[in-house]
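Asker: Taking the hints into account, I'd like the entire structure generated from these sequences.
Residue numbering for the sequence shown follows the numbering used here, beginning at 15 and increasing consecutively.
Mixed in with the good hints, there may be bad ones.
What the hints assert, rightly or not - With a Cα cut of at most 20 Å, we get these calculated SDA-like pairs of lysine to any residue: (1) K255 to L199; (2) K255 to Y282; (3) K255 to A214; (4) K255 to I189; (5) K255 to E223; (6) K255 to V227; (7) K255 to S284; (8) K255 to D267.
Unchecked claim - With beta-carbon atoms standing in for the labels, derived distance ranges: (9) A316 to A75: 43 to 51 Å; (10) L301 to V219: 42 to 50 Å; (11) E201 to R315: 44 to 52 Å; (12) F87 to L300: 51 to 59 Å.
Rather than coming from a laboratory, the hints here were simulated on the basis of the structure. Positions of the beta carbon are idealized from the N, C-alpha and C atoms, including for glycine.
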Amino acid sequence: MVELVGGGGASIFILGIAARSGTNFLWDLLRLHPACAPARPPITEDYFLYHADLLAAYTTAVQRSWDPDWGDFPADLGDELQASLGRSLTSFLQVDPTRRLLTKTPSVRNLDRFPLLFPGADLVILVRDGRSVAESCMTTFGWDLETAARRWVRAANQIRRFDIANRDRDVRYLIVRYEDLLDDLAETMSGMFRFLGLDAAAYDVQAAEGLPVRGSSVHLGPGRSRVHWEPVPRTPDFDPKERWRGWSVAWQDRFIWIADQQLRHFGYDSHPPIPHTRGRAATHRLLDWRWRTSERIQAARARFARHDTRVSRARP
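Answerer: This is how it looks when you write it as structure tokens:
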């Protein structure tokens with residue numbers, strides 16, 4: 015599935031639905047095109063959009079400092095200020111002005127702010143089956159299943175809202191699945207090149223098909239026991255799509271209960287491994303309640319910590 019909207023910008027931003035979603039793989043693939051150039055070293059992930067809420071607060075504070083007596087301010091002046099900051103950020107990253115800047119971040123946090131901050135850029139949003147993302151995050155970061163599933167769902171919902179809000183607007187973005195890169199690399203890359211306005215004939219598909227593996231949570235290479243980013247030759251048994259199938263029935267059932275709607279939205283199989291009975295539904299609802307309660311407690315602790323910090327700073 016490659017979903018095209020618009021196309022033909024300058025800088026190219028890759029945003030992954032989450033960590034462990036394949037952004038390094040897609041970045042490596044696009045870097046093979048002679049018209050694309052990575053960001054200034056050693057920056058391999060920019061995180062510009064991730065922290066864009068701070069820039070939005072900055073521009074709002076700046077605008078509030080302007081005296082209305084100076085004259086009439088255009089309604090879109092704040093948007094122009096944000097776009098100007100975005101151009102400065104991309105200029106900071108660019109080292110080869112003769113080629114398209116290619117940069118990435120494994121997160122869609124603040125995705126809704128992309129059109130304001132980078133109106134002239136092309137955006138590629140990479141999604142991956144949430145169960146594969148969860149399996150990799152549990153292996154790499156030590157997350158539990160509930161945390162991994164909830165974070166993937168939250169990010170999937172952000173992408174859906176962004177798509178709904180911008181489908182009929184002049185925003186250039188593409189949604190592509192990681193699995194399609196594995197199953198039909200040539201066709202999927204061809205769709206991306208059409209969107210990006212890149213010459214497909216200049217691309218070495220054979221080199222792309224032979225790319226080594228980087229950052230796998232399982233395919234580590236000889237003598238390695240932890241995730242790393244050095245290239246490892248691809249072997250016939252490398253299959254990053256199927257590892258979650260080794261989960262217990264209870265884990266598979268729990269993930270589908272949490273993420274069924276989002277999985278189906280992006281075209282992933284979401285059939286429960288066992289029929290949902292009243293008893294199983296009650297168990298899931300109890301687990302849902304425990305998660306919501308834990309979230310509320312953590313939020314309350316965070317608010318208390320912020321309040322305590324403010325009080326401490328106010329003391330003489």
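Asker: Decide, hint by hint, whether the structure agrees.
Answerer: Against the structure, the hints come out as follows:
1. K255 to L199: Measuring from Cα to Cα gives roughly 15 Å; hence the hint holds.
2. K255 to Y282: Measuring from Cα to Cα gives roughly 11 Å; hence the hint holds.
3. K255 to A214: 27 Å, violated
4. K255 to I189: Cα-Cα ~18 Å, so holds.
5. K255 to E223: Holds, at roughly 17 Å.
6. K255 to V227: 14 Å, holds
7. K255 to S284: Since the Cα atoms of K255 and S284 sit roughly 14 Å apart, the hinted pair holds (cutoff 20 Å).
8. K255 to D267: 18 Å, holds
9. A316 to A75: 43 to 51 Å: Since A316 and A75 have Cβ atoms about 23 Å apart, the given range 43 to 51 Å is violated.
10. L301 to V219: 42 to 50 Å: Once the Cβ atoms are compared, 46 Å apart, the range 42 to 50 Å for V219 and L301 holds.
11. E201 to R315: 44 to 52 Å: At 49 Å between Cβs, range holds.
12. F87 to L300: 51 to 59 Å: Check passed, 54 Å falls within 51 to 59 Å.
In summary, the numbered hints that this structure violates are 3, 9.
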